[in-house]
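Dock chains B, C and D against the given chain A, drawing on the hints supplied.
Residue numbers (my numbering), protein chains in the order written: chain A, 1 to 495; chain B, 1001 to 1101; chain C, 2001 to 2539; chain D, 3001 to 3685.
Quick caveat, the hints were computed from the structure, so don't treat them as lab data.
It is possible that part of the hints are untrue.
[What the hints assert, rightly or not] Facing chain C, according to a computed beta carbon distance under 10 Å, are these residues of chain D, among others:
| no. | residue |
| --- | --- |
| 1 | Tyr-3068 |
| 2 | Thr-3069 |
| 3 | Val-3193 |
| 4 | Ala-3622 |
| 5 | Arg-3630 |
C-beta: ideal position from N, C-alpha, C; glycine also.
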Amino acid sequence: MIEPAWAATAPALVVAVTALVLFLVDSIDPESNRPALLSGVALVGSLAAMGVALVYLLTGVGESPVSLYGGQLVVDQMTLFFHVIFTSVTTVVVLGSHDYLDSHPYQAEYYILMLLAVTGMAMMAASGSLAVAFVALELASLPSYALVAFMKQNRGSVEAGLKYFLIGALSSAVFVFGISLVYAATGTLLLDGIADQLVEGTALPGVLGVGMLMLIGGFAYKTASAPFHFWAPEAYEGAPAPVSAFISSASKAAGFALAFRVLITAFPVASAGVQNALDWTVVAAVLAVVTMTLGNFAAATQENVKRMLAYSSIGHAGYVLIALASLTGTGDQSLVLGAGMIHLLVYGFMNTGAFLFVALAEYWDVGRTFEEYSGLGTQAPFVSVAMTVFMFSLAGLPIGAGFLSKYYLFAGAVNGGLWWLALVGAVNSALSLFYYSRVVKALWIDEPDEPHTIESYPAALYGAIVVAAVVTVGLLPGLFLFDGVAFDAAAVLFS
Amino acid sequence: MAVPVQYYLVFSTLVFCIGLFGVLTRRNALFFLMSVELMLNAANINLVAFSFYHGNLTGQVFSLFTMALAAAEVAIGIGIILVLYRNFADVDVTSATTLRW
Amino acid sequence: MGSLAFARELRRATSCGLPPWGVVRMMLELLIALCLVGAFAVFVLPDEYAPKAAFGISLVPLVLSLYMYLTFDGVGNALLGGDIAFESQYQWLTLGSYDVSWFMGLDGISMPLVVLATLLTTLAILASWTPIDMRQSQFYGLMLFMEASLIGVFGALDFLIWFVFWEAVLVPMYFLIGIWGGARRKYAAIKFFVYTNIASIVMFVGFFGLVFGLGDSISSLALPEIAQALRAGELGSLGAFGPEQLALLAFLAMFVGFAVKVPVVPFHTWLPDAHVEAPTPASVMLAGVLLKMGTYALLRYNFTMLPTIARDLAVPIAALGVLSILYGAMLALAQSDLKRIVAYSSVSSMGYVTLGLVAYTMYGTGGATFQMVSHGLISGLLFACVGVIYNTTHTRMVGDMSGLAEKMPVTAGSFIVGAFAYMGLPLMAGFAAEFFVFVGSFDAHFAYSTVLTALAMFGIVIVAGYLLWSMQRTLFGPFRSETDYDVTTASLHDVAPLLVLLVCIIALGTFPYDLAFERVLDATEPILDTTVAAVGGGS
Amino acid sequence: MAESLAFEFAPAIAVLPFVSFLVALLAGRYLPKKGAIAGMVATGGSLLLSAWTLFAVHTGHAYQQTLYTWVGGELVDFELTFGILLDPLSTLMLVIVSTIAFLVHMFSLGYMNDDGQTGLPRYYAELGLFTASMLGFVFADNLLMAFMFFELVGLCSYLLIGFWFREAGPPSAAKKAFLVTRFGDYFFLIGVVGVFATFGTSMFGGPGVDDSFVHVAEQALVGEASVNTFGFEPQTWFTILGLLVLGGVMGKSAQFPFHTWLPDAMEGPTPVSALIHAATMVAAGVYLVARMYGFYALSPTALAIIALVGGFTALFAATMAVVKREIKQVLAYSTISQYGYIMLALGGGGYVAGVFHLTTHAFFKALLFLGAGSVIIAMHHNENMWDMGGLKEKMPVTYYAFLSGSLALAGIVPFSGFWSKDEVLYETLVHGLGGSPILLAAYAMGLIAVFFTGFYTVRMVLLTFHGEPRSETAADPEPVRWNVKLPLAVLGVLAAVAGVINLVPVHAVVSAVPEILHDWLYHGPTGLNGEHYHELITNDAFAGYTSGELLGLGETGTLFASAGISLALAVAGSLLALVLYRGPDPAEHTDKLGALKPVLFNNYYQDEYQVWLAEGATVRVARLADRFDRGIIDGLVNFVSSLSLFSGDRLRRVQTGIVTNYAALLTLGLTLLLVAFGVMQGWFV
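Isolated chain A (complex conformation):
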């Protein structure tokens, strides 16, 4: 417990306040361009938020959930766990953005939008009702649209922003319609309240079922899962690379945070109402299979590294969906959910790092395709090693913690009786190994047609990549810091 209770939302508050501070800084002197100050403030803010979240998490502030505003906001260990994910991703991304933005105008807006989006995500992870969920979702989404379209002279960026926005708007509409249907069936928007209503069953199973499916659609949009994933490849490819990193890591995690909380708290699988309306674990299983297959297969034949990472991100959404699909009520529920959370944590670092490497490549202007990456290993060995770590960790090789988290997920699937899902995952994982190692092959094995000329080594971007790499590797032996926390946090949801 923590006094006062609102202090439990400190990570979100710190982020929001930092955004406001940036507003202030920017409005004091809008014309001057002081990137170091802006990124510095943003970095300090996100670091502070991460520190708070970490301390909260590891000291167990959320072990007995803090309920605020009549249950509209809930801060428990899972919330804090996700706060750590969001803030740490933000920290790394902000650090990397410093060099990437270089002398680009509107830098203050960039950081502000990003911090506001993080605030939205933090709210998503803490939402105790569907109303808050929707508001938070929009708070996270709207700045993201702008961020993706940030390079407004760049056709790719604009096109990506447009597609992201249009699909996002459509998905929001579906989501909110789903909320309205759930409300129609239960008469409340509070998650606990919904669960209470469903214990006895519901008079309108069809309406509830359609509503739930539409809610899942909203989650699918946020997590870039099928069939709401169509925006993702374009948005990730077109957006500035740090933004891609941010959206594909933090935003995805936020979507899952919301999905975990809503589905588990409001729609317990065992309750009669859910049984009549919709067994969402089956939906999750279907979506998991489709999503990971689609993502990995489409990634396998890409020529553009960034787009490959985009599809791989879809594939990873599929893996985490395994966690939802396996909550069938058999076996140790907290195991599989905790595995999903751990995977999102690790994914936050390795995926962010990978996108930041792409950012570095864009910064160096070496090109976008696999071929154009060839020979970078000799030119820039440090970051190439880091990229190798990211790729192999994403592929689930024990060079990074992605290995543990992925296999935890597969173990969770077996635990839930869904061994076939694990086997589908196996096929996908092997395929993913193929395309991830294409990057590694380009870096280390392929001979370049003409050697790259690299003139400068941007320190902050380098630093961000190295930090991401070190954490990715360090989490392999160091996962003991988080695994118990994750499983306990997951267990709280089922208690």
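Same frame as chain A, but now just chains B, C and D:
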């Protein structure tokens, strides 16, 4: 309770589908936006109607939030459509296809 | 005094004055840490110092592991309640309600394999001096990294730790093949990578089926705990599967997973490509140690944990083993690339291990384990010989050269002796191992054991056929080389690995029991006692 | 005391040549004679020690000791050990082997060193290892150890046959020799494993060995012991085991159809051929049968097969020798033929006869080969007899020694070969007459072979030494030195007189003349002596042979009749050759054979079909397997990967870039989910 609540449901679904139809058929970005507004409003109909049906205010209050967010969404949307027009000299959503496959 | 008794004696003598158990128990960790630190050191060294530095560094784990071998004091099987040597256990992770710990230790099965790994790494590093002429520091760094992973695979006693090392081995191998390999190296590397990775996941799923089937009767992923629980018949049902079904499915999944690594026909096709394209030192490691991971895992998992299923499925498994032996040998017969020949004969030789394991007799299981070591040495020797030949002739095709014995007598002599070792010539390690396997499987418990064993023995004829044929074509006859290189005698650091391996092979074949087999039997014997193992019932 | 000391030293009999192997291998190039001296010292030492043990066995008892436990201990089901068994048989063989090895070493000085050959250290090293392996095989006290040394003998023969590796022929011949014998050893190995699986031991027996497998098998047949016979009748199973081991025997002893390697093996240096044919490699096979004769004596089927194979091989090889042009080829086929006789004897129940012929053959065949080697030195390595002629005057020592060996080979009284061959035929005949038509058939073949033997032997002698020189080298042959002549002289004497050790016909008339070998072999340890074998052979529970007589002539009558017949045939064959090839310039008469000529020249096309089997058929199957492997199995792997990539490529095309399509697909997906789950959950009902 003059009108049975199911009718609202049917009505809102209809509105939702009309909006969806607009989304799928309209190529002009502004029409796309409007259609999405229609879909959001379909949800609002439900919320308000069932708020009345269930006898609590949650739905009605939430519909206010929805409207506000819809407005915010439009704001962002218009901004993006503006830069779209600057880059592609068109507000046709199908014209921007440089990123694909 | 038997050598094991001698070892215990020595341990007592040498541990006087040494810090007792604590430090000595951390020997495995020390080995792994040395290799890892060495790997990083070599990575950052300039290329010209890397070869010698790596060799020097690799000598330390070699000497340490030999010391460990001499003072080895394990008793029984590590998984089945034996006294584990060099044991250490520290809590690491949790997986749901299961503890995952850093749990290392050795018994008579893993101890020889650790020495095999350290020995072959050192020799492979030495054998790399001549052929590896670019990016040396990366190459040797990866070799040391691989050594660390291999020691980890054989030393780990907790599933997750073991699995970490198991998968970690793939990474250096991928680079070794991919960067320093032959013309089709990229294809071979990715094929090796993906194929074995799929297998690992299938195996993983199977194993976790068992873990969750055991439910509350285990509290950690420590292999001894799981093995003992399984043998005590604690396996319950999981989802729709009853205990018998679950055990069967898990067995099959793990078997397929490991069979790829071994490799057992028909899961072998990654191997020839990998071998042909890999640089020779990598081939030495691949054939010498990496393949043993597969059979080691088969022994540790399938045959130790689920003996009843293994016995029920004995006939098909033995048939697969025999198929590997004969089919692999026939394939070797059809090749004209020396490396491909040795690669396929590895498929063939590993079939003996499969056959021996499934026999569930003292000689069978022990012989299979012994064959792992012996085949590691022998195939390592042959690959190293091919490498030395390739260094000077720049070809491996049988038809491209002849009469090399005249120009390179020591290499040719080693090749000849190695080939005869491969053919199972007595007083060399191969014969001992194969004979143990045959004796063990001839009247094993399963049907047709006699016929299958007799068929398997025919492998010794085919192997003689293709090895003699290729020796006749390459080593003998008038000297001729299709490639324009000056064929001269190899330098000392090239032939030194060959001679060391020769000595080891002959020593192991002449004194099998005292040098290794006693330790092996001590550890394999508990596996055979399957009277207590009954699947089903649950608790 | 003295004998136990001899036994203590017995392991050195094999160790000494092994040491000479090491010396020659490691330091040979620095030694004055490149290792020859070391080899001679070692084999000489072995000979002395062997003689000592022979004496010790003669005066005392047989001896068995386990020297080293290869695998043993409390964990082991059954131990695998190395040990020595010194009994009359093995000590006799030790003496033979070490004698011939010693003489071959000495001869090599002349044949190799004086000829200025390169690679001599390697030669002497291999020779030393060869001798050591054979000696180890001979005194092995169990089947496994015997097998192991048997294989080492095979290795050494491979190395020595392929000694001149720079040429094309020798490596090929070496490969063939190893492969064919390996094929036989395959069966032998099954046999060894089977013996272990059946009896849990592979001890041959001897003092101190309670449960040799031979003894257990005997007891099992009379119901005093029970063993795992794998679902067969005990006798059937023992027959199978015996025949499996016989596979190795037939391979090494070059019995039909495994004889094809031996003529090719002439590619090796001639002293090596002498060693291989007389005392080591080839002798190893039949020695093994003699060694475990107690086991074969249990099975009439196995014995009959041995006899039949032996008789057939004797005849078959002899006919091929008739037309050969090279001197060593003739000798090669004669070797095959003579080992056929030994097999015939063993199969026909004549244990002593078999060993007797093994002994005499060792001497006269070593002699013949060394003689041929001497001729070859003289002829500058031309082996074609049609280029020789008239060497009698130029090299008298060689000639007379060679003649002595030839007459022994032809079976002319009183040379040693006559006595032993006669006994072989006699034993087979009487047991055949005792009611075994198979034995009679085998006997008949052996008898006919006598005629051919006489013919080709005399033909060889005439062509080589008589008449006018038919080439310049023959007119002016290279002289040979003492180191060639001395072994020839020693062996020449031995070939002539070695028959005295078992003068059976003489003993039958004058019983004062002892049957030394017979008595010698009969006084062996329990279960391992000729007497016991005789009991087994004649016991109905085992082989069940009975003796018959020829046309009521009685035992002695039959003996003399048999001797007379075989001698007559040998003389007839010799005379025919004398008639055909006498004179200063003999003509080839092979055209008279008509259609048979190509068949004989091509060795009945045995090589052709075996080469076809080994290369044509096998390689074709291997290629097929390879194509299957690359096409189907690997093809499947590659197909899966291409299919994945192809479908991946198709799948990414879904992402058209047109956002309206995305909206449509999204809606479609959602609708599909709605419908599917609606139906599943029953929302619409």
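Comparing the hints with the structure gives:
1. Tyr-3068: At 9 Å from the nearest chain C Cβ, Tyr-3068/D passes the 10 Å test, so the hint holds.
2. Thr-3069: holds, 7 Å
3. Val-3193: holds, 5 Å
4. Ala-3622: holds, 4 Å
5. Arg-3630: Holds: closest Cβ of chain C sits about 8 Å from Arg-3630/D, inside 10 Å.
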